[in-house]
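Peer 1: Fit chain H to the supplied structure of chain G, relying on the hints for placement.
2 protein chains.
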Amino acid sequence: MLSFEQARDWLLQRAQPLAATEQVELLAAAGRVLAEPVLATLDVPPHDNSAMDGYALRAGEQTAAMPVSQRVPAGSVPQALAAGSVARIFTGAPIPPGADAVIMQEQAETADDGTVSFSQPACAGQNIRRRGEDIRAGQEILPAGKVLNPADIGLAASIGVETLTVFRPLRVAVFFTGDELVEPGRPLAAGQIYNSNRYWLAPALMRLGCEVIDLGIVRDSLGATREALRDAADAADVIMTCGGVSVGEEDHVKAAVEAEGSLDLWKLAIKPGKPLAYGKVGQADFIGLPGNPVSGFVTFQVLARAFLERRAGLPVSALTPEGPYPAAFDWTRPDARRSEFIRVRRVCVDGRWQLELYPQQGSGVLMSCAWADGLVRLEPGQAVARGDMLPYLPLVQ
Amino acid sequence: MLSFEQARDWLLQRAQPLAATEQVELLAAAGRVLAEPVLATLDVPPHDNSAMDGYALRAGEQTAAMPVSQRVPAGSVPQALAAGSVARIFTGAPIPPGADAVIMQEQAETADDGTVSFSQPACAGQNIRRRGEDIRAGQEILPAGKVLNPADIGLAASIGVETLTVFRPLRVAVFFTGDELVEPGRPLAAGQIYNSNRYWLAPALMRLGCEVIDLGIVRDSLGATREALRDAADAADVIMTCGGVSVGEEDHVKAAVEAEGSLDLWKLAIKPGKPLAYGKVGQADFIGLPGNPVSGFVTFQVLARAFLERRAGLPVSALTPEGPYPAAFDWTRPDARRSEFIRVRRVCVDGRWQLELYPQQGSGVLMSCAWADGLVRLEPGQAVARGDMLPYLPLVQ
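Which chain is which? The protein sequence lines are G and H, in order.
Residue 1 is where the first sequence starts when you use my numbering, and the numbers rise one by one after that.
Residue 1001 is where the second sequence starts when you use my numbering, and the numbers rise one by one after that.
The following block holds chain G by itself, in its conformation from the complex:
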């Protein structure tokens, strides 16, 4: 059996980051990975401007009652300041040539004759935001590799950038084999089960920003499986499926991948989990997750996800635990040989975080994964008594 760390390292080494890029409009860029740094092409602010609503003047020429020679709203182009006068000015408006300070309106009083007097003397530079103070032309404002969030997009807009160069989405083809599988919404005959793996895997891939090529349920024959693999390899960067890769299974996935490419098959020392396959079909990577939905889901979270992230040019989620938090449960029958990823929920009780356990950890259905918001990794043989402090791995769903 392969340890969890060995499998993760091995997979990550084989994840070749995408190189292909595309241009996207700003409003479609959230969540995409920046492929080239963004450099500022202008100074921000583009001109010295007022930090306040008030009056612009030349500090050395302040007098007791000053005429207002012009009005400068934001967006206007001021004239040179007339000697001995002030300009009415608003936040963000350019400072008129000749002015070197702004007095805020709260410190000003207007007389009947329209002249303005101030309760404070002006100091040169006061309440002026300088050109280039925030961003200088040429400065890198967003680094390559960054996953773009709303603030990044707003920042790019503020220097006039219209499109961004991002990595194209990773294309992942999925298919599901097993003549017992039925799509939801159809009636279930004896011996049949609903295909649940498609419905957690495709959304999980979409959440990672992947383009999903969904080949649906493939008939349980070697020929049909080989054909699905060839179609998938033509269209996708990565092919994923659930099931069909453990010893003795009534399935043709293993033989089909070996016939169309190459396959490494592992027994992992993790629970739930165990069978995991990695292969190549043409240029495409193949990842075979366990067929049991809970095993597949957990293996996706802790192993396949990291592979896909690196492959897509995303930063790899570090599996850095939070906490530790006290266990609100006992775990008395640990697995002697495998690391266990138990499904837990972090709850706040009397102002303190603690971890609750989904009671049926052995189940093959996704109740535990839907209920949980995190995992706790237990080492082989590790039991838990109520109150033990446990590191908590949040699920990213």
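Derived by calculation from the structure, the hints in this document are not laboratory data.
Where is the CB? At the ideal position from N, CA and C, for every residue including glycine.
Check before you lean on any hint, since a few could be wrong.
What the hints assert, rightly or not - Now the stretches of chain H that chain G is said to cover, found in silico as 3 or more residues with beta-carbon under 8 Å: (1) 1039-1053; (2) 1356-1365.
Said to hold, decoys possible - Listing some non-contacts, in silico: residues in chain G with all C-beta distances to chain H over 10 Å: (3) Ser3; (4) Ala111; (5) Ile213; (6) Gln382.
Peer 2: Only chain H this time, still in chain G's reference frame:
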């Protein structure tokens, strides 16, 4: 001035959750809010089935060398077990009537005559997953109000559900006023600035699952602003804009909202932030954020976001801080009267989290918000010395 808590409570009280629902296909349901609980319509597993690849038999009838009377792959419908025989069975396959135990294949040996002998005696019930063990028909498997994640969708699929009833998306209309505003990609004349608020606000709303109705830049006149407000109120649940709501501004938003509906205008005791407006135009809520992008962004994160979440039927982000973590910076000039939300980044140094500060907290551009991954709230007058333990509010972008 209104405190942060007062403003948040006041806004949340006015956020009327959406009632309108719609049906969505499973694969389009991730991130949507479930409006009705999902009840199981069938038992899972639907029949007693094998937990192992192996041999099904009647425990009381085990003998030394047993003939194999049938083969039961997953998805097949087995016949009643012939007396004195075993059935070859695979994981997930239904248990043949008459059998009550499964012996795993690793404990079986096949002789030349095709009979099978076992290294262990079978115990009734062993390696059998019982019908309804994971989910019973009628059981609530997903509660109303849940934000659907991939595991939830997989779980719904596993009981055959084809569509889910979710709240319809919240419709938010945005517009931006100011004759100095220019869209990115166009040349900038003297006195003009790029409209950055549109480009962080629209993606932030989309990330919350809102349907954004983007009215773009509205001409700086009372008539145009009133017309935009009427259009927005016809189409949207909530109208949002940035700027135009503080005292003395060269803008018509305040007057236009008052003319078309009603407006409450506050000075908040937070920095960055300060002006915030809430009003009604027809049936629509109006939220006016500060025009400075950093103030607008922070106010959105800590105040408007909670309003929108409750309005959309989402759980309200609790602003529960993580940590505390040590400060890797000094903060020597606190604001005496306002709570400050400073932009920080959580970094791991030698295996310990610490908080770094973006150096230019006073800037109006979004560099600090793009750089940061969290906020620290400082109380009025609170200074920070390197090493002080500070609670950390992760930004949700």
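Peer 1: Take the hints in turn and mark each one as holding or not.
Peer 2: A quick look at each hint next to the structure:
1. Evaluation of the coverage hint for the region 1039-1053 of chain H: fulfilled, as 6 residues show C-beta separations to chain G shorter than 8 Å, against a requirement of three.
2. For the region 1356-1365 of chain H, the proposed coverage by chain G is satisfied: 4 residues have a C-beta within less than 8 Å of a C-beta in that chain, meeting the threshold of three.
3. Annotated as non-interface, Ser3 of chain G keeps its C-beta farther than 10 Å from every C-beta of chain H; the closest such distance is 22 Å.
4. Its beta-carbon lying about 19 Å from the closest one in chain H, Ala111 of chain G satisfies the requirement of being farther than 10 Å from that chain.
5. At the 10 Å boundary, the C-beta of Ile213 of chain G stays outside the reach of chain H, the nearest C-beta of that chain being 13 Å off.
6. No beta-carbon of chain H comes within 10 Å of the beta-carbon of Gln382 of chain G; the shortest separation is about 21 Å.
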